Structure formats: structure tokens, C-alpha cells
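Participant: Here's the letter readout for the chains.
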Amino acid sequence: MGISAKLSGLFQRSLGILVFALLWELLPRSGLVSAAYLSPPSEVLGAIADLVSSGLLFKHLEASLYRSLAGLLLAIVSGVGLGLLMGGFRRLEALVDPLLQLFRQTSALALFPVFILFFGIGELSKVAIIFWASFWPILLSTISGVKQVDRLLIDSARSMGASRAFLFVKVVLPAAAPSIFTGVRLAGAYCVTALVAAEMIGAHSGLGFLTLNSQEVFQVPSMYAGILLLALVGLLLNAVLALIERRCTRWRRGLRADA
Amino acid sequence: MSSIVARDLRMEFTSRDESGRAERVVALEHFDLEVRAGEFLSVLGPSGCGKSTFLSILAGLAQKSGGSLLVDGQPLEGINARQGVVFQGYALFPWRTVLENIEVGLEIRGVGKAERRERAREYLELVGLGGFGARYPHEISGGMRQRVAIARSLVYEPEVLLMDEPFAALDAQTREILQGELLRIWDRHKKTIVFITHSLDEAIFLSDRIAVMTHRPGRIKEIIEVPLPRPRLAELRNSEDFVHLRQRAWEVLKDEVRFATAPVPAATSTRAADWPASAQAGRRLAKG
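Sequences listed follow chains Y and S, in order.
Heads up: the first sequence begins at 1 in this note's numbering, then just goes up one per residue.
Heads up: the second sequence begins at 260 in this note's numbering, then just goes up one per residue.
Hints were generated in silico from the structure; no laboratory data involved.
Calculated cross-link-like contacts (lysine-lysine; reagent style DSS-like; alpha-carbon spacing at most 30 Å):
1. 323/S to 147/Y
2. 170/Y to 323/S
3. 372/S to 449/S
4. 372/S to 170/Y
5. 513/S to 323/S
6. 480/S to 449/S
Chain S is faced by these chain Y residues, among others (derived, beta-carbon under 7 Å):
7. 159
8. 160
9. 162
Owing to the predicted nature of the structure, the values given are computational and were not obtained by experimental measurement.
For each residue, glycine too, the CB sits at the ideal point set by N, CA and C.
From just these sequences and the hints, can you work out the full model?
Facilitator: As C-alpha cells, this is what we get:
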């Protein structure tokens with residue numbers, strides 16, 4: 001496994017993207033698709049460079065990251081906390097479960113007018129919609145993770161005299177962690193979707209706003225720049241969450257092959 | 260060292276059968292047992308006789324339905340802080356290394372990190388796993404996992420050790436080795452041990468006394484003294500006294516095994532009839 005093998009692996013992985021970019025460049029240039037609708041990637045990169053030099057990129061990126069991370073972090077903290085509690089008290093879960101199923105199916109976008117009504121058009125309603133979209137997968141995966149914790153592990157900790165707090169923090173939480181992270185990764189994807197929607201309604205900054213606004217003023221390259229950057233933010237968020245997951249569940253390395 | 264007295268212990272619960280119908284199950288009834296301080300007592304019984312239920316109650320993990328249970332003269336309430344429990348399924352925490360697993364009981368008792376580590380190492384050595392402290396449970400064998408579980412339950416120096424078929428899931432050789440190890444450890448750290456098993460040979464090899472249970476609803480049918488000299492070595496299993504004791508214990512047990520397997524089809528009861536032979540071979544049977 002030398003450098004050449006690594007290089008060929010890298011080549012394989014980037015081949016699809018290269019072909020796609022080439023096709024994308026050729027379609028508007030050859031006139032098959034109107035350049036007024038589809039800007040070639042070279043122009044999109046140019047638009048991104050302009051955004052960087054004008055400082056606008058940083059402004060939009062900062063606004064988007066702030067909203068998405070605030071909503072996501074809030075969702076993680078409350079979703080995991082509530083999920084541990086509900087998974088730990090079966091009767092509570094049985095009572096609330098039908099309600100949860102209903103809420104989960106209630107689209108965050110459908111609720112946006114409600115959020116605007118309550119929180120106004122500012123940042124709060126945007127964080128709220130992102131929170132709503134991210135919260136449910138985390139809550140539900142935490143509950144199911146807690147319910148699947150091996151009874152034997154709980155009994156063994158209890159037999160050593162563990163307190164309720166110890167059980168929750170040192171047994172249930174780590175045992176449910178793999179399931180919780182599945183929910184958090186899903187929430188990361190939902191969070192970016194909700195972010196775009198939120199920024200397309202009544203925002204003055206953010207990558208979603210940049211995208212919609214550029215279309216409205218016929219800055220087509222910068223519209224594509226916005227879309228591309230949103231995709232990159234989604235990729236980055238997923239990569240960061242995956243990294244945190246690997247760190248937190250390091251012990252599982254090799255377990256899957258073993259089991 | 261703790262003494263345990265169970266008087267007229269009763270345990271019943273509701274379970275659901277396959278069709279979802281609620282069914283009243285009486286697991287223990289008129290269960291009387293005295294465990295003397297410092298002795299090694301095995302509870303032997305057929306599958307489903309309630310022997311594990313008794314251990315759960317004794318460990319404070321299940322609530323008895325009636326009767327009394329005294330530990331050192333005091334009624335048992337909740338979890339006995341001076342107990343260690345070893346389960347058949349090891350029950351190690353997969354996200355903790357071997358050493359961290361052994362530390363759990365000390366962590367619960369608020370022992371500082373440095374002292375925790377030191378004492379865990381000491382017990383890791385005791386169970387012969389010196390070099391494996393940094394491994395995760397899934398990286399070691401079943402026999403090694405059970406050694407870790409034993410070290411974990413001993414490290415906070417409990418007075419009584421409750422063992423629920425700890426070696427039932429292990430292969431015959433590992434099982435015999437661990438039985439010898441357990442006796443060696445018990446010799447060094449005298450504790451009261453209550454050992455649940457369905458294996459005649461295991462009960463005889465390890466115990467001072469064997470409490471044989473009836474089929475469900477379980478109670479103690481007879482107590483068999485095991486006057487074999489200690490220290491007990493592997494060769495003891497072939498001695499005349501040992502074989503004699505095994506025959507005697509089987510006489511007490513065999514009706515119960517038949518009862519326990521009576522409602523099931525003939526094929527299963529035939530297997531139950533040659534049970535002592537299979538238990539001798541260390542074959543795994545369903546957990547009781």
C-alpha cells in the first residue's frame with residue numbers, strides 16, 4: 001500500500017466530480033443550455049472569489065453558521081436530555097409517544113408562519129425552525145437508544161450500589177451513544193435544509209438569502225455560488241459530527257467486525 | 260463475611276405468554292435457606308426452578324413478594340453495599356477498558372482516581388490478567404471477560420459474593436480452570452459465596468454445602484454437605500468420594516429435572532434424563 005495506491009484511490013474518488021464539473025462547464029459554453037440559467041463553474045468560482053474579496057462571503061457564512069449551530073446545539077442538549085428522561089421512565093414515554101409522532105410529522109417549514117407569529121421575523125424564529133427540524137430525530141433516537149440499553153448493564157451497576165445519577169450519566173448515556181449519534185447526524189442534515197428555508201423568508205444575510213437574492217437580481221453565478229457553499233457547509237457539518245462521533249465511540253472500533 | 264437467612268420467601272410475578280395473555284407465575288414458595296458466614300454455598304436446581312430469581316432478590320435487584328430475608332440479622336432493603344455480583348453474561352461495560360471496568364465499583368464508592376487505578380491493577384493481577392488492562396471487553400475471550408467481572412466484583416472488598424451461573428457460558432476447559440481459580444481466590448479473600456448453578460460437578464467441586472431446589476415453584480428440597488478436603492485440585496473430580504457425592508446429588512435432583520421438563524415433548528425429556536452426563540461434560544443448558 002504505497003503512495004501510488006493512495007493516489008489512484010484519490011483519482012477514483014475525484015473522477016466523478018471532475019467529469020461532472022467538465023460537463024457543467026461545457027453545457028452552457030456550447031450553448032446547449034442557456035448561460036443565463038446555468039453559469040459554468042468557472043464563473044461560479046469567480047463569483048465566490050468576488051464574495052471573498054468584498055467580505056460578503058464571511059458575513060453570509062457567519063450568519064448561516066450561527067443560526068444552524070445555535071439551533072442544532074439547542075436541539076442536541078434538549079433532545080438528548082429529554083430523551084434520556086423519557087427513555088428512563090417508560091410510563092412517561094407511553095403517554096407522550098403519540099404526541100411525539102404527530103409533532104415529528106409536522107414539517108418545520110409548515111410551522112414557520114407560527115414561529116414568525118410568536119418570535120417575529122428576526123433571528124429567533126430562524127433558530128426556532130432549525131431547532132424544530134433537528135430536535136425530533138435526536139429525541140427519538142435517544143429514546144430508542146435508551147430503551148435498547150442492555151438490562152444486564154443496568155443491573156450490574158445497580159448491584160454495585162450505583163445511584164440514579166451514575167446510572168444515567170455513566171451507564172445509560174454511553175450505552176445509548178451510538179444510537180444518539182445516528183440521530184445527531186440526521187439532525188445535522190435536517191438542520192441545513194431548515195436553514196436554507198429560514199433564510200429564504202425574511203432574511204438579510206446568510207447563504208440561503210444570498211442564493212435567493214442573487215436569483216432575484218439576476219446574479220446567476222452568485223446564485224450557484226450560494227448553492228455550492230450551502231452544500232459545502234452541509235458536508236463540513238457532517239464531517240465534524242462524524243469526527244466527534246468517532247472520538248466518543250472510539251471503543252467500538254473493531255467491534256463490528258468482531259460481532 | 261456475611262450470613263444470610265431466608266424464611267418462607269415467596270416470589271410471584273405476572274408474565275405474558277406467546278399469545279399475550281397475562282399469567283401468574285410463582286417462582287419461589289416456602290423458600291427457606293441459611294447461608295453461614297464464610298461458607299461456599301451452591302444453589303443447584305433444574306432450569307426455570309427460580310434459583311436465579313432467588314439471587315436477584317438477594318442482590319436487591321428484584322423485590323420479594325413475601326417472607327423475610329436477613330443479612331447479618333438485618334432485613335435486606337434495597338442493594339446491599341457489601342455485596343459483589345457476578346452474572347453469567349459478564350455484564351462488562353463495553354465502552355470501558357478492562358481496568359476501567361474493574362474500577363467501576365470504586366468509582367461508585369467515591370474512591371479517588373489514583374487509588375482506584377492502583378487497586379484495580381492489584382485485582383487484575385489477582386485474576387491473572389496483568390497485561391490486559393488497556394484492552395476493551397470485546398477484544399478478550401469469554402473466560403477472560405469473566406475473570407474481569409470477578410475482579411470487578413472483588414475490588415471493593417465485598418463481604419458476600421453472589422454468582423449467577425458465572426461459568427455456564429464458557430467451554431468445558433475454561434470452566435474447570437476458572438473453577439480452580441475461584442477457589443484459589445476464595446482461599447485468599449475469605450468471603451461468603453452464594454453460587455447459582457445447574458451443574459452437579461461444579462456444585463460439588465466448589466462448595467461446602469449444596470442446596471438442591473425443587474422445580475417451580477422453587478423451594479429448597481435438601482441440603483447436601485460436601486465433606487471433601489480443601490484445597491481441592493482438579494484430580495478430585497475423579498475420586499471415589501466425588502463420584503459418590505455426584506450420585507447422591509443426582510438422586511435428589513433427578514425427580515425435579517423430570518418435573519421441570521414434564522410438560523414439554525418427549526424428545527426434550529429424554530435429553531433431561533441423561534443430564535448428569537452432559538453437565539459433566541460442561542454442556543450448556545438453558546439458564547435457570
